[in-house]
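2 protein chains.
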Amino acid sequence: MASLSPLINELVEALTILPGVGPKSAQRLALHLLEKDQSGAHRLVGMLSKALDEVGHCKKCRNLTEKEYCPICDDAKRTDEQLCVVETPAEVLAIEQTGFKGRYFVLFGRLSPIDGIGPEKLGLDQLKQQVVENGVKEVILATNPTVEGQATSQYIQQMLQGSNVLITRIAHGVPLGGELEYVDGGTLAHALAGRKAFD
Amino acid sequence: MASLSPLINELVEALTILPGVGPKSAQRLALHLLEKDQSGAHRLVGMLSKALDEVGHCKKCRNLTEKEYCPICDDAKRTDEQLCVVETPAEVLAIEQTGFKGRYFVLFGRLSPIDGIGPEKLGLDQLKQQVVENGVKEVILATNPTVEGQATSQYIQQMLQGSNVLITRIAHGVPLGGELEYVDGGTLAHALAGRKAFD
Ligand SMILES: [Zn+2]
Ligand SMILES: [Zn+2]
Numbered sequence: 001m002a003s004l005s006p007l008i009n010e011l012v013e014a015l016t017i018l019p020g021v022g023p024k025s026a027q028r029l030a031l032h033l034l035e036k037d038q039s040g041a042h043r044l045v046g047m048l049s050k051a052l053d054e055v056g057h058c059k060k061c062r063n064l065t066e067k068e069y070c071p072i073c074d075d076a077k078r079t080d081e082q083l084c085v086v087e088t089p090a091e092v093l094a095i096e097q098t099g100f101k102g103r104y105f106v107l108f109g110r111l112s113p114i115d116g117i118g119p120e121k122l123g124l125d126q127l128k129q130q131v132v133e134n135g136v137k138e139v140i141l142a143t144n145p146t147v148e149g150q151a152t153s154q155y156i157q158q159m160l161q162g163s164n165v166l167i168t169r170i171a172h173g174v175p176l177g178g179e180l181e182y183v184d185g186g187t188l189a190h191a192l193a194g195r196k197a198f199d
Numbered sequence: 001m002a003s004l005s006p007l008i009n010e011l012v013e014a015l016t017i018l019p020g021v022g023p024k025s026a027q028r029l030a031l032h033l034l035e036k037d038q039s040g041a042h043r044l045v046g047m048l049s050k051a052l053d054e055v056g057h058c059k060k061c062r063n064l065t066e067k068e069y070c071p072i073c074d075d076a077k078r079t080d081e082q083l084c085v086v087e088t089p090a091e092v093l094a095i096e097q098t099g100f101k102g103r104y105f106v107l108f109g110r111l112s113p114i115d116g117i118g119p120e121k122l123g124l125d126q127l128k129q130q131v132v133e134n135g136v137k138e139v140i141l142a143t144n145p146t147v148e149g150q151a152t153s154q155y156i157q158q159m160l161q162g163s164n165v166l167i168t169r170i171a172h173g174v175p176l177g178g179e180l181e182y183v184d185g186g187t188l189a190h191a192l193a194g195r196k197a198f199d
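Same order as they appear, the protein sequences are chains A and B. Heads up: the first sequence runs through residues 1 to 199, numbered per UniProt numbering. Heads up: the second sequence runs through residues 1 to 199, numbered per UniProt numbering.
A couple of the hints might just be wrong.
[Said to hold, decoys possible] Each computed DSS-like pair below joins lysine-lysine, with the alpha-carbon atoms no more than 25 Å apart:
1. B:K50 x B:K60
2. B:K77 x B:K59
3. B:K36 x A:K36
4. A:K36 x B:K24
5. A:K36 x B:K59
6. B:K50 x B:K77
7. B:K101 x B:K128
8. A:K137 x A:K59
9. B:K67 x A:K24
10. B:K128 x A:K24
11. A:K59 x B:K50
12. B:K101 x B:K137
13. A:K50 x B:K36
14. A:K67 x A:K101
15. B:K36 x A:K121
16. A:K77 x A:K67
17. B:K50 x A:K36
18. A:K101 x A:K60
19. B:K24 x A:K67
Hints are computed from structural coordinates only; laboratory data are not their basis.
The shape of chain A in the complex, shown without the other chains (with noise of 0.2 Å):
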């Protein structure tokens, strides 16, 4: 918009790189920042500034987090039995509704060679670590039910077979092609309850 200045022009350009913000909305939230709430705005500037320098993996599942652990991995009244694959952390914070209580290993992604995307990217050695060293007894793959999670799942499948654990998958209740963060709770839960050994 040649109405606005060169600056906030720049700062509309910014906030479109917010998912589900276009051009039009991304103008309105600058406007909001700079004239109606600016102490908000100088907020949000040192928790994402903060947040950036700070947050990194957990040790444990890769989930984001600033501590060494995140607060599933260092939750004591989980069980460390049963070790839930995700793709994402919103996949976790999906999962969380759903009441599991067991723990999380997040791949950050799914195999796809075209993009360079392997085994060690996804951190898969130290997901067959954590199955080893900590009393796993059962692995459920929630892979997106996409060709390449379920190329993903079927991997991890192969990789474990060595070891004593059950592997299962959760039930195709989910929407094919669609991304888990999407569905809602009961869906979920019901996929969950419906898991089957992987076969």
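Given the structure of chain A, go ahead and fit chain B with the ligands onto it with the hints provided.
Relative to chain A, chain B with the ligands alone:
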């Protein structure tokens, strides 16, 4: 969420200051910024903090700008003869879409004695001075069709009664109680064209 690290929770909370962003979408925004687009997040921190530092008000129309004068006041091709008075910067953008080629004056609010917002806070002295000194022939009042917005227009009309300018207000084609910013361009263009003398 107990399953998110404290620092990530604080970031989620800081993000809920954004209009239209509830706890659920703030969570998604936070994970996106920390996981999927860290470079975009760094750019956003930089631009927002720069804008908060440098953006102030145009010396002439009071709109937001990091310069002395905003791009609209700086544009020699626009006419000084028409001055459109609006409540917020977002409404300048809305009226720009109708093809209006005059100047603006941004009140940043409306008269509201209960909230301690009087004429000085809206810069009405400055508005009067502009009208007298800059050869304005028509002042178009485009405050929102709310009780306070209309009272503000009335106050300005009385304030300018001595000056030799035509005072108009945009036609009531905009829904009562609505905010200009959300009205589609066509309706707004119609309302602008149908403006009538302030009586
Ligand atoms: Zn962890
Ligand atoms: Zn200006």
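Which numbered hints turn out to be false for this structure?
-> 3, 6, 10 and 11
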